Amino acid sequence: MSSVMWFRRDLRLKDNPALLDAIASDPNVFALFVLDPVLWGQPGSVRTNYLIDSLSKLNTQLAGRLVIRSGSPSVIVPNFAREVSAGTVHIAADFGPYGQKRDNAVEGALTDFGVDLVRVGSAYAVAPGRVRKSDDTPYRVFTPFYKVWTTHGWRTPADSIPKNFVFQSAPTEQLPQPNLIPGLTLPPAGEEAAWKFWGEFKEKALAHYADDRNRPDLAGTSSLSHHLKYGEIHPRSVLAGLGDSDEVFRKEICWREFYADVLFNTPQSTHASLNEKFDVNMPWASGATAEEHVNAWKQGQTGFPFVDAGMRQLRAEGWIHNRVRMVVASFLIKDLHIPWQVGAPWFMQWLRDGDIASNTHGWQWTAGCGTDASPFYRVFNPITQGIKFDPHGDYIRRYVPELAHLSGAAAHEPWNTPDGYSHHYSRPVVDHKVEREVALANYAAAKENFANSGS
DNA sequence: TTTTGAGTTGTTCGA
DNA sequence: GTCGAACAACTCAAA
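In my numbering, the protein residues as written are -4 to 450.
Simulated from the structure, these hints should not be mistaken for laboratory data. One or more of the hints may lead you astray.
Stated by the list, open to error - With a cut-off of at most 27 Å between alpha-carbon atoms, the simulated DSS-like pairs for lysine-lysine come out as follows:
| hint | residue 1 | residue 2 |
| --- | --- | --- |
| 1 | K197 | K272 |
| 2 | K199 | K246 |
| 3 | K442 | K199 |
| 4 | K383 | K428 |
| 5 | K246 | K142 |
| 6 | K272 | K9 |
| 7 | K293 | K428 |
| 8 | K158 | K9 |
| 9 | K142 | K197 |
| 10 | K197 | K428 |
| 11 | K128 | K246 |
| 12 | K272 | K428 |
| 13 | K128 | K9 |
| 14 | K128 | K272 |
| 15 | K246 | K9 |
| 16 | K246 | K383 |
| 17 | K9 | K197 |
| 18 | K442 | K428 |
| 19 | K191 | K128 |
| 20 | K191 | K158 |
| 21 | K142 | K128 |
| 22 | K272 | K442 |
| 23 | K383 | K293 |
Claimed, not checked - Beta-carbon label-pair distances, calculated as ranges:
| hint | residue 1 | residue 2 | range |
| --- | --- | --- | --- |
| 24 | V275 | D426 | 24 to 32 Å |
| 25 | Q294 | K428 | 36 to 44 Å |
| 26 | L8 | D426 | 48 to 56 Å |
Remember, predicted model here, so these are calculated numbers, not experimental data. All residues carry an ideal CB built from backbone N, CA and C; glycine is no exception.
Please model the entire structure based on the sequences and the hints provided.
Printed below as a string of structure tokens:
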């Protein structure tokens, strides 16, 4: 007999309860990764390239014993279990809409072969669905969720696997080659890189996190999002390294868990606004001009330096600073009047950390239809946001070469500088002041229509 | 059930 | 340039 560790979004050996459970259940352990065509090889997928790197690092850690098979998991996993005479298949539970469906299908197929699917742990310190109000319904507001999440607690990081543990070997496919995307550079993947970045952040930036995290021109954030996404480090390990004074950063870890919980409780929210009037009554833009606007947004050619820098950073690094994500999302929704459901998939296509829960609900928050009750008249000003959070213009010059000749904060307002357009930078596609008023009127109209529709 | 207090991330205006 | 108030009144959580 043997056991199978089916890796998915938990590509690490440290603090991996499912892996420990596999070893405890039978020391002849096969390490399996399934290339699922549903998640794999989507055109231009940045995450696919990152994942290939991460799998290659994991394979090295396993002394070349990572078994790769491609196909539908509900076929591949049971067949592999039978092939290696496994009694159990071990996984970290997945709480996303697709992941749950997939795992249930695999579990059913395994049962037919007399093999158990064992779920141990998850990608979260506190599994989605566990934090509930006293009436047993889920939270829709962050702060009370955070209070209960904190007191709920989580286990201390698990032991490492035994030193020199040897995994079993089985026939494997080769990892696909990365599909290089021109202009895109990804940081190194894998468990070792995750701990290296986490260590450096803890040493250099964590103490200033509360002040610097909003500054896209500085290295003020942890850059852990892609490592957490692929489970190269577990949030439990990160939380264990924090002190009482690191409340702001602990809250950011909790935001990831909150949004996973929200998605778990409302799986339809990947495409449907939590506040349904946004999908029914909002007069969104359409037609040729709207298409041109969306295209300018995607290409980073809106003529708003802070927006364009962010959209170009996305395609250069597969990442955008969180502050800038809010600004570019607000611009698409409230200046160009395009629904969040157009922007979210573009982010998912290009973000190396693209997480369906965090991405979906980050967008819904900005749109004003998500788990937040902030006033609808909150519209980000893309120019003043830039000047406030990139005060020297360094972030602009890094990503927008047409403005690299402007010094200091002048890069934020090329229209105020004689040679602002001497290097062919785009003119603003809209007038922010005008579009802000349009957005406010649209929200008011949607609310009115909703009231009148009698729903 | 009713009431009360509070809610990640903002902008603009006018003193 | 800085500061406080207004924006306009919703939804959620908890007592």
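Are the Cα atoms of K383 and K428 separated by 27 Å or less?
-> Status holds; Cα separation ~18 Å.
Regarding the pair K246 and K142, is the alpha-carbon distance no greater than 27 Å?
-> Satisfied, since the Cα-Cα distance of roughly 10 Å is no more than 27 Å.
Going straight from one Cα to the other, do K272 and K9 come out at no more than 27 Å?
-> violated, 45 Å
Taking 27 Å as the top limit, are the C-alpha atoms of K128 and K9 close enough?
-> violated, 33 Å
Take a quick look at whether K128 and K272 sit within 27 Å of each other, Cα to Cα.
-> holds, 26 Å
Could you grab the alpha-carbon distance between K442 and K199 and see if it respects the 27 Å cut-off?
-> violated, 47 Å
If you draw a straight line from the CA of K128 to the CA of K246, is it 27 Å or shorter?
-> holds, 19 Å
27 Å Cα cutoff - pair K442, K428 | holds, 22 Å
Decide if the proposed pair is consistent with the structure: K272 and K442, CA atoms, cutoff 27 Å inclusive.
-> Measuring from Cα to Cα gives roughly 7 Å; hence the hint holds.
Under the criterion that the straight-line Cα-Cα distance not exceed 27 Å, is the pair K197, K428 satisfied?
-> violated, 41 Å
Measure nothing beyond the straight line between the CA atoms of K191 and K128; if it is 27 Å or shorter, mark the hint as holding.
-> violated, 38 Å
Holds or violated: K191 with K158, Cα cutoff 27 Å?
-> holds, 21 Å
In summary, the structure is inconsistent with hints 1, 3, 6, 10, 13, 19 and 25 from the numbered list given earlier, while agreeing with the others.
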